[in-house]
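Each residue of the sequence shown is one higher than the one before, counting from 1 in our numbering.
Among the clues, some could well be false.
[Unchecked claim] Cut-off 20 Å, straight-line C-alpha distance, at most; resulting in silico cross-link-like pairs (EDC-like, lysine to aspartate or glutamate):
id: 1; residue 1: K294; residue 2: D344
id: 2; residue 1: K596; residue 2: D584
id: 3; residue 1: K471; residue 2: D540
id: 4; residue 1: K611; residue 2: E597
id: 5; residue 1: K294; residue 2: D407
Rather than coming from a laboratory, the hints here were simulated on the basis of the structure. Predicted, not measured: the structure shown is a model, and the values here were computed from it.
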Amino acid sequence: MKQIIKDKQLFIRRIFLMCYDMLAVFAASMLALLLRFDFHMENIPDEYINEVWKALPYMLVIMLAVFWSLRLYSSLWSYAGALEMMYVVSACVIDTLLSAAVILVRNWGDMYPVPRSFYILYGLFLLILIMGCRYSYRAIRAIRTMRRNGVYQRNVLIIGAGDAGNQLIKEIKNSRFVKKRVVGVIDDDAAKVGNYIHGTKVVGDRNAILEKAQELHVHEIIVAMPSASPKQMKEILDICKETGCELKRLPGIYQLVNGEVSISKLKDVDVNDLLGREPITVDLESIMGYVSGKIIMVTGGGGSIGSELCRQIAGHHPKQLIIVDIYENTTYDIQNELKAKFPDLDLVVLIASVRNTNRMNYIFETYQPEIIYHAAAHKHVPLMEDSPNEAIKNNVLGTWKIVQAADRYHVKRFVMISTDKAVNPTNIMGASKRICEMIIQTYNRRSKTEYVAVRFGNVLGSNGSVIPLFKKQIERGGPVTVTHPDIVRYFMTIPEAVSLVLQAGAYAKGGEIFVLDMGEPVRILDLAKNLILLSGHKPDEDIPIVFTGLRPGEKLYEEMLMEEEGLQETANNLIHIGKPIEMDEERFLEQLQELKEYVVTEPEDIREWVKRIVPTYHPENGAKA
Numbered sequence: 001m002k003q004i005i006k007d008k009q010l011f012i013r014r015i016f017l018m019c020y021d022m023l024a025v026f027a028a029s030m031l032a033l034l035l036r037f038d039f040h041m042e043n044i045p046d047e048y049i050n051e052v053w054k055a056l057p058y059m060l061v062i063m064l065a066v067f068w069s070l071r072l073y074s075s076l077w078s079y080a081g082a083l084e085m086m087y088v089v090s091a092c093v094i095d096t097l098l099s100a101a102v103i104l105v106r107n108w109g110d111m112y113p114v115p116r117s118f119y120i121l122y123g124l125f126l127l128i129l130i131m132g133c134r135y136s137y138r139a140i141r142a143i144r145t146m147r148r149n150g151v152y153q154r155n156v157l158i159i160g161a162g163d164a165g166n167q168l169i170k171e172i173k174n175s176r177f178v179k180k181r182v183v184g185v186i187d188d189d190a191a192k193v194g195n196y197i198h199g200t201k202v203v204g205d206r207n208a209i210l211e212k213a214q215e216l217h218v219h220e221i222i223v224a225m226p227s228a229s230p231k232q233m234k235e236i237l238d239i240c241k242e243t244g245c246e247l248k249r250l251p252g253i254y255q256l257v258n259g260e261v262s263i264s265k266l267k268d269v270d271v272n273d274l275l276g277r278e279p280i281t282v283d284l285e286s287i288m289g290y291v292s293g294k295i296i297m298v299t300g301g302g303g304s305i306g307s308e309l310c311r312q313i314a315g316h317h318p319k320q321l322i323i324v325d326i327y328e329n330t331t332y333d334i335q336n337e338l339k340a341k342f343p344d345l346d347l348v349v350l351i352a353s354v355r356n357t358n359r360m361n362y363i364f365e366t367y368q369p370e371i372i373y374h375a376a377a378h379k380h381v382p383l384m385e386d387s388p389n390e391a392i393k394n395n396v397l398g399t400w401k402i403v404q405a406a407d408r409y410h411v412k413r414f415v416m417i418s419t420d421k422a423v424n425p426t427n428i429m430g431a432s433k434r435i436c437e438m439i440i441q442t443y444n445r446r447s448k449t450e451y452v453a454v455r456f457g458n459v460l461g462s463n464g465s466v467i468p469l470f471k472k473q474i475e476r477g478g479p480v481t482v483t484h485p486d487i488v489r490y491f492m493t494i495p496e497a498v499s500l501v502l503q504a505g506a507y508a509k510g511g512e513i514f515v516l517d518m519g520e521p522v523r524i525l526d527l528a529k530n531l532i533l534l535s536g537h538k539p540d541e542d543i544p545i546v547f548t549g550l551r552p553g554e555k556l557y558e559e560m561l562m563e564e565e566g567l568q569e570t571a572n573n574l575i576h577i578g579k580p581i582e583m584d585e586e587r588f589l590e591q592l593q594e595l596k597e598y599v600v601t602e603p604e605d606i607r608e609w610v611k612r613i614v615p616t617y618h619p620e621n622g623a624k625a
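Please build the complete structure, drawing on both the sequences and the hints.
What follows is the structure in structure tokens.
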């Protein structure tokens, strides 16, 4: 029934348009004669009027035929754009030429049956009347929609007057569902400033952003620069964030290439966009052959790093992927995700503790993993400062047991995830990871298994990192807590870090400590301010920032390399190899055994025992509890 009603409405609209167009032909003919004779009807010769009246039926038929063939009665004029305009112009030109031909043929031998200017004027008036009808319909629909939906609730400033900006403005103006109004455009091209795009003025370059955002009462800024480099994007966003407006951007150049520039493709600007560096890309296809067809095991596979390892490994056709984790909730999530995305993947998910020797032996014996990525660890610095024995039990003894199992069951390669906090550690978590590195290097010399460690800094958005914490604090209205105004950290996204870990695994020959180049360190205070600004608030005005003091075991800055270590280059300039530090391995293994026996007694002085094993561990240099 609805379809019948819809078809009936469409039929009525077409009949209405046809009737209007026939009237337009008549009006254009009369107006052409009137204008030729200065709108003095009495001055128009009778023979001219008679000829137009005689030719009018032919002109009407020609118009209907031309307009129908060019589908001018099938277009949705509420969404009419440049293509429809081109069709209207073409139809009017063709109609004018054919009408002129009919008049001349009818009066063969008479050179001027009507004034020569008649044909041009007729064509112009016809174009004006036809286009005016179509586009006034669109304008009326747009105004009605705006009033009904309250479009003008959000004023938008577009950054970028190129193809992407042009398409975006057009879509915002044409859409009945987008409650936004484009009030201005920003572009650094001086030739574009002052011009208009779909009725919206290019109001200035980037230096005018702050002024125009205030002057035009802008609520939202959209950066339509899909081909901009990360550096250029950062420079623009650094200005935009000071406006207090909500920020959105088009994701990338491929959106423009594929013709996908639209409101639906917009994404919120996040803190990653403000790092201002090129994203780290790794050609995993060329180096992941060592994973394909292999049985891979990931410990801590439900964590931030472990789950991303599973995602990237799963996409490179392992024979079997085994996820081991003690926490069931996050592990369940990654299990469901991988099953949905990789239905053909041979996936095994096991809940187990790496501290359980019998459980680990059973898993190794049953599944015979060939490559292990060891990401299981306690990593929260302040919590481990309060529970140092647990840090040793889980990180050190857990790693030791799984390293021994890898040796016992002839695993080909073992890759351990380490941390920059292992370098000159001031906290028990960092010291425990340094012992793990020492275990890796010791067993590499005693086993056919290739043991390596990969050392990197903080990752954006990982469990326990500052970014999720800051976002929650902002959502609550603040305050945002920063430990110290000068504290800095190295940052990398989780996918970037994991891709480099996988590449380091491909470079492994055994015994290496791979050190990832984390770029320039970032001030945590700057991260906090940027997140507040990106949320549409002003730091210390809308959202206060409070300095809480360094947490137990925390340093102002982290290091990636100890003094004793030198760097060796790899094929990837973002991956370096730290020179192994010489040590008495027999004495180390004795100390390890003593530590194992001692920590289960829940001693109060476990830090003193750790200092004997890790000479670079100086808890006195970290913040006190």
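Compare the distance between the alpha carbons of K471 and D540 with 20 Å, and conclude whether the hinted pair is satisfied. It holds: about 16 Å lies between the C-alpha atoms, which stays within 20 Å.
With the threshold set at 20 Å, check whether the alpha-carbon distance from K294 to D407 stays at or below it. Judged against 20 Å, a Cα distance of about 17 Å means the pair holds.
Do the alpha carbons of K294 and D344 lie within 20 Å of each other, as the hint requires? 15 Å, holds
Within a Cα-Cα threshold of 20 Å, do K596 and D584 meet the stated pairing? 18 Å, holds
Run the distance test for K611 versus E597: straight-line Cα separation, threshold 20 Å. 16 Å, holds
Hint violations for this structure: none, all hints satisfied.
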